[in-house]
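In order, the protein sequence lines correspond to chains X and L.
94 is the number that numbering that gives the first Met the number 0 gives to position 95 of the first sequence; each next residue is one higher, with no gaps.
116 is the number that numbering that gives the first Met the number 0 gives to position 117 of the second sequence; each next residue is one higher, with no gaps.
Since the hints were derived computationally from the structure, they do not count as laboratory data.
Accuracy of the hints is not assured; some may be wrong.
Computed cross-link-like contacts, SDA-like style, restricted to lysine to any residue with a CA-CA straight-line distance of at most 25 angstroms [claimed, not checked]: (1) L:K122 with X:P38; (2) L:K1 with X:E35; (3) L:K130 with L:L152.
As the structure is a computational prediction, the values presented were derived from the model and not from experiment.
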Amino acid sequence: MCLAIPGKLFETREDAHGVRMGRANFGGIVKEVCLEYTPEARPGDYILVHVGFALSRVDEDEAERTYRILEELKQLDELEELEESEPENGPGREVP
Amino acid sequence: MKYLDEYRNEALALKLAEEIRRVVTRPWVLMEVCGGQTHSIVKYGLDHLLPPEVELVHGPGCPVCVTSLELIDRAHAIASRPDVIFCSFGDMLRVPGSAGDLLLLKSRGADVRVVYSPIDCLKIARANPDKKVVFFAIGFETTAPANAMSVWLARKQGIRNFSLLVSHVLVPPAIASILESPHNRVQGFLGPGHVCTVMGYHEYEPLAERYRVPIVISGFEPLDILQATLMLVRQLEAGVWRVENQYPRVVQQIGNRPAQELLGQVFEISDRKWRGVGEIPRSGYRLRDEFCEYDAEQIFGVAEIATQEPAECISGLILRGAKKPCDCPAFGKRCTAEHPLGATMVSSEGACAAYYAYGRHLEMRDPS
Chain X
0 MCLAIPGKLF ETREDAHGVR MGRANFGGIV KEVCLEYTPE ARPGDYILVH
50 VGFALSRVDE DEAERTYRIL EELKQLDELE ELEESEPENG PGREVP
Chain L
0 MKYLDEYRNE ALALKLAEEI RRVVTRPWVL MEVCGGQTHS IVKYGLDHLL
50 PPEVELVHGP GCPVCVTSLE LIDRAHAIAS RPDVIFCSFG DMLRVPGSAG
100 DLLLLKSRGA DVRVVYSPID CLKIARANPD KKVVFFAIGF ETTAPANAMS
150 VWLARKQGIR NFSLLVSHVL VPPAIASILE SPHNRVQGFL GPGHVCTVMG
200 YHEYEPLAER YRVPIVISGF EPLDILQATL MLVRQLEAGV WRVENQYPRV
250 VQQIGNRPAQ ELLGQVFEIS DRKWRGVGEI PRSGYRLRDE FCEYDAEQIF
300 GVAEIATQEP AECISGLILR GAKKPCDCPA FGKRCTAEHP LGATMVSSEG
350 ACAAYYAYGR HLEMRDPS
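Please build the complete structure, drawing on both the sequences and the hints.
Have a look at this one:
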């Protein structure tokens with residue numbers, strides 16, 4: 000029920016009653032979205048939409064930072080695996 | 000889709016699960032608050048990835064599930080009237096009231112319509128000036144701004160044949176009620192990411208402090224949930240209780256200010272009865288007196304309808320995290336998605352419906 004989906008805003012306008020509206024693309028599906036709660040949203044932004052209302056602009060820097068932390072966790076692990084397979088004084092891996 | 004697909008990466012999910020396994024030394028019971036998180040956990044089998052020390056119990060964050068039976072009976076009384084067009088989110092149509100569901104009423108000729116957004120109701124009201132258009136305004140803080148806007152716009156645009164049947168519920172009082180229970184087992188919470196998108200997360204800091212329980216505001220994709228679980232386990236293992244934000248790509252500490260302002264203009268905090276749980280003080284919204292002409296309960300005089308809940312369904316215990324669907328003798332037998340006994344089986348986000356949709360009842364029969 001609290002399902003909210005990120006979509007790419009590509010058009011903004013005011014409707015006949017002065018309400019700030021926009022159109023956003025959700026993986027190929029286009030929906031009308033009310034932008035009254037996200038006055039900062041501009042075409043090209045990703046917005047988080049719930050029951051036809053944008054509740055937040057997706058912060059691309061934060062999204063990247065979160066993902067980088069996750070990626071680093073993976074790389075750290077790969078590094079550990081590599082160290083385990085190549086003991087410090089061992090012969091190392093032969094390059095074919 | 001961007002911002003969804005990358006948070007479903009299998010290799011990273013396995014790494015996160017491995018890291019949780021590395022960090023954990025003792026058993027911990029965690030609750031995910033939202034039905035959407037429950038759905039993700041069961042759909043992707045995240046609970047099966049976790050080490051046996053980490054137990055996830057499922058929280059009350061499914062508004063369809065917690066809407067009280069008497070409110071559903073009030074909805075039916077209103078929807079049965081020939082002068083009414085009754086609008087609702089699709090999930091509510093199948094929730095059993097005392098005498099069938101809204102779909103049954105529709106099949107008998109009532110004008111019951113599913114809408115995507117509450118502002119769609121304004122168009123319906125304009126197109127049908129001789130009818131009274133009622134919207135079943137359910138939901139947590141995530142949905143409340145949309146419903147508040149519908150009423151605010153109706154007044155601004157002079158639309159008089161529109162009203163809300165309000166059933167809004169709030170997360171922090173529900174968390175407090177779970178922690179106050181003498182049977183509580185929950186030691187940490189995956190907090191409601193989209194509720195906090197609207198409200199921010201300062202409300203959760205006094206809860207963490209008072210009950211000494213860590214709360215990590217979490218997203219809904221598999222990597223979000225696993226990362227939040229790792230953050231919770233790290234706090235628990237270190238013996239600390241902070242509010243942390245795993246979901247900063249959409250959640251800011253202050254939340255959405257324009258939405259909070261309109262909520263404050265349209266709604267006020269009230270006591271609210273939760274299905275299966277009972278009344279929780281100051282746990283919901285009702286329309287302010289200035290908007291009473293948009294309050295369907297007053298317009299149609301249904302506030303006196305009071306209903307007792309049937310005893311067989313244990314959804315109340317499930318919503319508080321005291322029991323799991325598999326603990327219910329009726330689950331997957333007398334209670335199925337096709338013939339639900341109670342609300343947690345009806346809504347796709349209910350814990351019972353999620354367990355049933357992803358075959359957990361079959362695992363019970365065949366442990367291999």
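So, going through the hints one by one against the coordinates:
no. : hint               : verdict
1   : L:K122 with X:P38  : holds (23 angstroms)
2   : L:K1 with X:E35    : holds (23 angstroms)
3   : L:K130 with L:L152 : holds (18 angstroms)
Checked against the numbered hints above, the structure breaks none of them.
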